[in-house]
Amino acid sequence: MGAQWEAPTLALADEAASETPRVKTARRPIQLFRNMTAKVASIPMVLTALVIFVGCTVWTVVHSFTKSRLLPKLDFVGFDQYERLWGTRRWLVSIENLAIFGICSMILTLVIGFTLAAMLDRKIRFENTFRTIYLYPFALSFIVTGLAWQWILNPEFGVQKVVRSLGWEGFAFDPLYNQDIVIYGILIAAIWQGSGLIMCIMLAGLRGIDEDIWKATRVDGIPVWKTYIRVIIPMMRPVFITALVLIASGIIKVYDLVVAQTSGGPGIASEVPAKYVYDKMFKDQNLAQGFAASTMMLLSVVIILIPWAYLEFGGKKRG
Amino acid sequence: MTLTKALLGATALCAASAAHAVDLEVTHWWTSGGEAAAVAEFAKAFNATEHSWVDGAIAGSGGTARPIIISRILGGDPMGATQLNHGRQAEELVEAGLMLDLTDIAEEGGWRDIVNPTSLLDSCTVDGRIYCVPVNIHSWEWIWLSHKAFADAGVDVPSNWDEFVEAAPVLEAAGKVPLALGQQPWQSNGAFGVMTIAIAGIDAWKSVVIDKDADMAGGPEYARVFEAAAQARLFAQNSKVQDWNLATNLVITGQAGGQIMGDWAQGEFQVAGQVAGEDYTCLPGLGVNEIISTGGDAFYFPVNDDPAVTAAQKELAKVMISKETQVAFNLKKGSLPVRGDIDLSAANDCMKKGLEILAEGNILPSADQHLSADTQGQIEDLMVEFWNDPSYSAADAQARYAAIIADAD
Numbered sequence: 001m002g003a004q005w006e007a008p009t010l011a012l013a014d015e016a017a018s019e020t021p022r023v024k025t026a027r028r029p030i031q032l033f034r035n036m037t038a039k040v041a042s043i044p045m046v047l048t049a050l051v052i053f054v055g056c057t058v059w060t061v062v063h064s065f066t067k068s069r070l071l072p073k074l075d076f077v078g079f080d081q082y083e084r085l086w087g088t089r090r091w092l093v094s095i096e097n098l099a100i101f102g103i104c105s106m107i108l109t110l111v112i113g114f115t116l117a118a119m120l121d122r123k124i125r126f127e128n129t130f131r132t133i134y135l136y137p138f139a140l141s142f143i144v145t146g147l148a149w150q151w152i153l154n155p156e157f158g159v160q161k162v163v164r165s166l167g168w169e170g171f172a173f174d175p176l177y178n179q180d181i182v183i184y185g186i187l188i189a190a191i192w193q194g195s196g197l198i199m200c201i202m203l204a205g206l207r208g209i210d211e212d213i214w215k216a217t218r219v220d221g222i223p224v225w226k227t228y229i230r231v232i233i234p235m236m237r238p239v240f241i242t243a244l245v246l247i248a249s250g251i252i253k254v255y256d257l258v259v260a261q262t263s264g265g266p267g268i269a270s271e272v273p274a275k276y277v278y279d280k281m282f283k284d285q286n287l288a289q290g291f292a293a294s295t296m297m298l299l300s301v302v303i304i305l306i307p308w309a310y311l312e313f314g315g316k317k318r319g
Numbered sequence: 001m002t003l004t005k006a007l008l009g010a011t012a013l014c015a016a017s018a019a020h021a022v023d024l025e026v027t028h029w030w031t032s033g034g035e036a037a038a039v040a041e042f043a044k045a046f047n048a049t050e051h052s053w054v055d056g057a058i059a060g061s062g063g064t065a066r067p068i069i070i071s072r073i074l075g076g077d078p079m080g081a082t083q084l085n086h087g088r089q090a091e092e093l094v095e096a097g098l099m100l101d102l103t104d105i106a107e108e109g110g111w112r113d114i115v116n117p118t119s120l121l122d123s124c125t126v127d128g129r130i131y132c133v134p135v136n137i138h139s140w141e142w143i144w145l146s147h148k149a150f151a152d153a154g155v156d157v158p159s160n161w162d163e164f165v166e167a168a169p170v171l172e173a174a175g176k177v178p179l180a181l182g183q184q185p186w187q188s189n190g191a192f193g194v195m196t197i198a199i200a201g202i203d204a205w206k207s208v209v210i211d212k213d214a215d216m217a218g219g220p221e222y223a224r225v226f227e228a229a230a231q232a233r234l235f236a237q238n239s240k241v242q243d244w245n246l247a248t249n250l251v252i253t254g255q256a257g258g259q260i261m262g263d264w265a266q267g268e269f270q271v272a273g274q275v276a277g278e279d280y281t282c283l284p285g286l287g288v289n290e291i292i293s294t295g296g297d298a299f300y301f302p303v304n305d306d307p308a309v310t311a312a313q314k315e316l317a318k319v320m321i322s323k324e325t326q327v328a329f330n331l332k333k334g335s336l337p338v339r340g341d342i343d344l345s346a347a348n349d350c351m352k353k354g355l356e357i358l359a360e361g362n363i364l365p366s367a368d369q370h371l372s373a374d375t376q377g378q379i380e381d382l383m384v385e386f387w388n389d390p391s392y393s394a395a396d397a398q399a400r401y402a403a404i405i406a407d408a409d
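Protein sequence lines correspond, in order, to chains A and B.
Counting from 1, one number per residue, gives the positions in the first sequence under this note's numbering.
Counting from 1, one number per residue, gives the positions in the second sequence under this note's numbering.
Worth double-checking, as some hints may not be accurate.
As the list claims (entries may be wrong) - Covered by chain A, per the in silico footprint, the following chain B stretches (three or more residues, Cβ under 8 angstroms):
1) 83 to 96
2) 336 to 342
3) 368 to 377
If you are wondering where the hints come from, they were derived from the structure by calculation, not from laboratory data.
Being a predicted model, the structure only gives us computed values, none of them experimental.
All C-beta atoms, glycine included, are put in the ideal place defined by N, C-alpha and C.
Using the sequences plus the hints, can you model the full thing?
Structural data, given as structure tokens:
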């Protein structure tokens with residue numbers, strides 16, 4: 001496996017080496033042209049990655065140092081856009097919201113997803129039915145989810161109305177209209193939508209656990225909950241990482257849910273970074289400010305990602 | 001000569017065969033009842049020519065629609081024509097050469113003479129060329145009061161802002177929302193602008209919006225406006241709607257006492273079958289300073305390679321500013337026509353008030369014409385937070401406002 005991965009590096013090294021006058025390699029096929037078809041086939045993807053991802057990222061970062069308005073222009077102004085960004089209350093509120101939303105949704109989605117999966121894995125009846133019910137919300141787009149939850153949480157005809165009509169007149173539950181807790185109203189919808197998928201991934205992971213492990217723990221008399229925490233969860237590490245990446249990418253780009261549920265309100269209490277970027281770039285016609293904000297989003301992802309990738313992949317090589 | 005004629009004829013034939021029945025997509029954000037009725041008048045007039053109108057309504061007000069419109073133009077998928085508020089929103093698009101130059105038909109139609117006030121045409125003009133056709137005059141400076149709400153509460157319908165403030169607690173006690181206000185940022189910003197003109201006065205407003213005088217924005221005149229807005233936000237606390245027309249509906253049904261909203265609200269009262277003076281009252285300038293701003297809507301025509309489409313675009317521009325269309329459109333829309341030479345005897349009381357103020361020349365340009373979209377966006381962010389967060393003090397908000405004005409370009 002390792003040798004295969006290192007092949008491209010070797011090929012490059014050979015290329016460099018062949019420049020020096022060494023005639024004896026004349027018969028040997030040049031490494032670069034080995035597996036030609038595979039290499040040609042991957043060119044479009046390599047180009048896409050370079051041009052679209054790297055190229056556009058660089059372009060965005062460069063333009064975040066300009067004073068571009070509606071159209072991109074290369075009038076450099078240094079860090080002005082960043083100074084303005086970090087002096088804007090709306091951006092600070094957005095960051096705070098993303099932090100609350102991110103941490104809560106990460107923990108709750110994992111816990112709920114795993115618990116549901118573990119319960120389904122206990123060989124219950126109608127497992128298929130339950131699985132379908134739990135996974136259904138994921139089939140809905142964020143916009144539909146957001147609108148549905150906007151109605152459910154609306155005090156005029158949602159949960160509050162129903163509970164009040166049952167006799168609890170003083171019952172108040174209107175998270176979407178309360179500055180302080182509005183982000184939790186959005187969180188509820190996000191978890192409702194997302195935990196089904198995580199449950200499925202977890203369930204697949206649980207099914208991958210050898211039956212013998214369960215037998216062994218039963219023989220040793222270890223309680224079920226302890227088996228889960230001490231044995232099963234550590235064994236499911238790759239599954240957890242997959243789930244984590246899926247949840248994290250969903251958190252960073254949360255936008256449509258907020259737009260559908262509150263459009264950032266009341267006031268600016270439920271603004272999120274992605275919405276700031278969109279609004280500045282297109283509504284307020286200030287590209288550079290939007291680019292600065294998106295660069296900060298990228299930076300925060302990189303700051304989290306690099307140490308993790310180092311630990312995850314760098315560690316293995318040494319070990 | 002004959003050859004030229006023949007050639008011309010051939011070209012004309014080609015052009016004509018292509019020119020027939022161009023489907024022109026027109027994007028706009030006129031989706032409420034009154035607005036839709038008004039835009040149907042445009043479509044009717046345009047369909048009466050050889051071309052046809054393809055309606056591209058985008059729901060969710062200008063804040064949602066403008067980004068879609070602009071990104072379509074920038075992305076190389078331009079529509080036939082589009083609504084924008086004239087002013088600085090399309091400035092860069094025009095400078096980048098993405099908008100059709102309408103100077104020839106403007107000169108032919110004598111727009112310079114018929115458009116009143118001429119500032120509307122000035123806002124369409126970049127470097128002496130005309131790039132848009134103004135279609136109506138919209139003024140923000142109105143408060144709409146529900147007779148039913150005040151009757152239910154047992155107080156007289158106020159005749160100015162101070163009386164409204166006095167009546168507000170009574171309305172609240174009667175279970176009404178004193179002031180209806182949608183939660184979208186542009187509505188908070190607009191309401192604040194109206195209060196500025198009524199409370200701080202025209203000179204203060206002009207020096208801040210036109211001359212960008214940050215000292216004035218941080219000064220005592222504006223402090224009074226922020227205080228008044230801090231009070232007004234409490235009146236609007238229970239107004240939990242998003243869209244402006246839903247807020248207007250609270251006034252129409254008598255659930256709310258009043259709404260500070262532009263004259264487009266009138267179309268809603270009309271659709272609901274209400275009569276000005278009987279079911280509702282409108283007070284220009286909050287009954288304090290009877291003055292209206294003359295912003296408005298204009299149509300822009302993105303540049304197109306196809307000469308047939310260009311011809312259809314020019315045709316549409318002519319139709320929009322023609323006398324008949326102006327009358328039909330503005331009566332439905334509740335806005336004022338852009339030409340001073342037409343008869344609007346069919347107008348209702350509120351429109352007549354507006355026309356009188358316009359005739360007396362008590363007009364202001366609109367903020368859109370002087371502040372860039374970027375500055376407006378920052379002010380909107382500030383206003384929507386200020387109106388919704390009672391813990392945001394008037395002094396803090398004013399300091400932030402002054403800082404935005406100081407940075408404005």
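Each hint, compared with the structure:
Check result for the segment 83 to 96 of chain B against chain A: holds, 5 residues qualifying (beta carbon to beta carbon below 8 angstroms, three or more required). With a threshold of 8 angstroms between beta carbons, the proposed coverage of the segment 336 to 342 of chain B by chain A is violated, since 0 of its residues qualify and at least three are required. A count of 5 residues in the segment 368 to 377 of chain B with a Cβ less than 8 angstroms from any Cβ of chain A is obtained; the coverage claim is therefore met, three being the minimum.
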